[in-house]
Structure formats: structure tokens, C-alpha cells
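Protein chains: 2
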Amino acid sequence: MDSKKELKMRCWIDIDGKKFFGPGRVQLLQMINEHGSLSKAAKEMGMSYRKAWAMVDDLNARGKTPFVILHKGGVSGGGAELTPEAQQLLQAYSELTKELEQAIASKQEKILGLI
Amino acid sequence: MDSKKELKMRCWIDIDGKKFFGPGRVQLLQMINEHGSLSKAAKEMGMSYRKAWAMVDDLNARGKTPFVILHKGGVSGGGAELTPEAQQLLQAYSELTKELEQAIASKQEKILGLI
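Respectively, the protein sequence lines represent chains A and B.
Just so we're aligned, residue 1 is where the first sequence starts under the numbering used here, counting upward by one.
Just so we're aligned, residue 1 is where the second sequence starts under the numbering used here, counting upward by one.
No false leads were slipped in.
A pair holds if it fits inside one copy or across any two, identical chains being indistinguishable in the list.
PhoX-like mimics (lysine-lysine), calculated; alpha carbons at most 20 angstroms apart, straight line: (1) Lys98 - Lys8; (2) Lys64 - Lys8; (3) Lys19 - Lys107; (4) Lys19 - Lys8.
Keep in mind the hints are simulated off the structure, nothing from the lab.
Take these sequences, add in the hints, and give me the full structure.
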């Protein structure tokens with residue numbers, strides 16, 4: 001058997017039953033943090049600027065604090081930075097994900113051996 | 001704020017990139033185990049017999065061993081039972097899920113407090 005078996009996991013946050021935060025937004029925030037620019041972050045993710053902007057707008061609108069500050073205009077064409085709350089959220093989410101991935105890694109061989 | 005924030009998780013198994021086993025099939029196997037009948041299990045889940053049968057057929061076809069034995073006909077209209085491998089898989093998946101849920105519960109307050 002050459003079939004590829006994978007044990008997968010996804011962890012996300014809903015607000016009022018609607019997705020608010022998960023792997024895609026984590027990656028977008030990480031890219032914004034790295035590049036200091038929403039357009040560069042969007043490009044890096046192969047996503048339209050419009051879509052990335054809508055994600056940021058939703059994060060800022062539905063969370064209890066803003067997560068991304070957009071600086072308009074200027075010579076550099078504006079920039080984007082994460083708020084301290086966004087940094088804390090990324091950190092906490094990354095710790096949780098690591099813990100979940102460890103649990104999965106420890107059971108993976110046993111479970112995949114059964115299928 | 002009366003908004004309902006939830007930290008959610010899903011864990012599943014893909015074979016060759018296609019979903020093979022996850023919460024829906026777990027529930028179907030549990031219902032088959034409980035009722036000894038695929039039609040009762042399907043009914044219990046609000047699912048058509050046809051759909052439940054297709055799930056069982058896929059589980060039996062793509063796993064390395066059958067997971068459900070269907071007994072045809074007879075006075076009782078046939079029955080369904082799990083193989084030992086299915087019992088083991090349910091057990092291992094349930095242990096993993098419990099572990100993942102504990103990790104989530106321990107981080108939930110902190111993470112949801114940030115959003």
C-alpha cells in the first residue's frame with residue numbers, strides 16, 4: 001500500500017458561530033508582522049489585497065480590540081503593524097497549537113496503523 | 001458584549017488527501033455499535049440509509065481491514081456490527097480527542113479573553 005495516511009487537526013475561534021480566527025488569519029498576521037505591510041503580506045500569501053484587507057477589517061471590527069493598525073499613504077505607501085493584543089493572541093494560539101500537535105504526534109503511529 | 005466566543009477543534013484522518021475518518025464517521029460507528037443496525041444508526045443521525053451505507057462502504061473499501069460487517073436479510077432485516085479493528089480505532093480516536101480537548105480547555109480562558 002502506497003496510500004498516504006495523515007492525521008490532521010484544525011483549531012479555530014468562532015464568534016457567534018462565525019469563523020473569526022484560525023490558521024489563515026494567523027498566517028496573515030505573521031506576514032504583516034514580518035513585512036510591516038498589508039500588500040506585501042497579501043502578496044506573500046498569494047491572496048488579493050482586497051481579501052487581506054477584508055480579513056483585517058473583520059478582525060478589527062469583531063474583536064474586542066483592534067489587531068492591526070494600518071498607516072495610510074506616505075512615501076512608503078503606508079504600512080501595517082500588529083497591536084500588542086494581536087501579538088499576545090498569536091503567541092497564545094501558537095502555544096496551544098504546539099501542544100495539540102504534540103498530542104497528535106504521540107498518537108499518530110498507533111492510530112494510522114489501524115487504518 | 002453578549003457575543004459567544006468558542007475555541008473549536010477538529011481532528012480527522014485523510015487517505016491520499018481525501019477525508020477518510022472524522023467526527024461524522026465516529027458517530028456513525030458508535031450508533032451502529034449501539035443499535036446493531038445500519039438503518040437505525042442512520043435514522044438516529046438524521047441521515048439517509050443510502051448516505052450511511054456509502055460511508056460504511058468507503059470505510060470498508062479504503063481502510064486496510066473492514067470496519068463494519070453487514071448481515072443481510074433475515075427476520076430482523078439484517079444487522080450491522082463493528083469489527084475489532086473498528087472498536088480499536090474508535091478507542092484510540094476517543095483517547096486522542098480527549099487529550100486534545102483537555103489541552104484546549106486549559107488554554108481556552110486565556111485565548112478567548114484576548115478576543
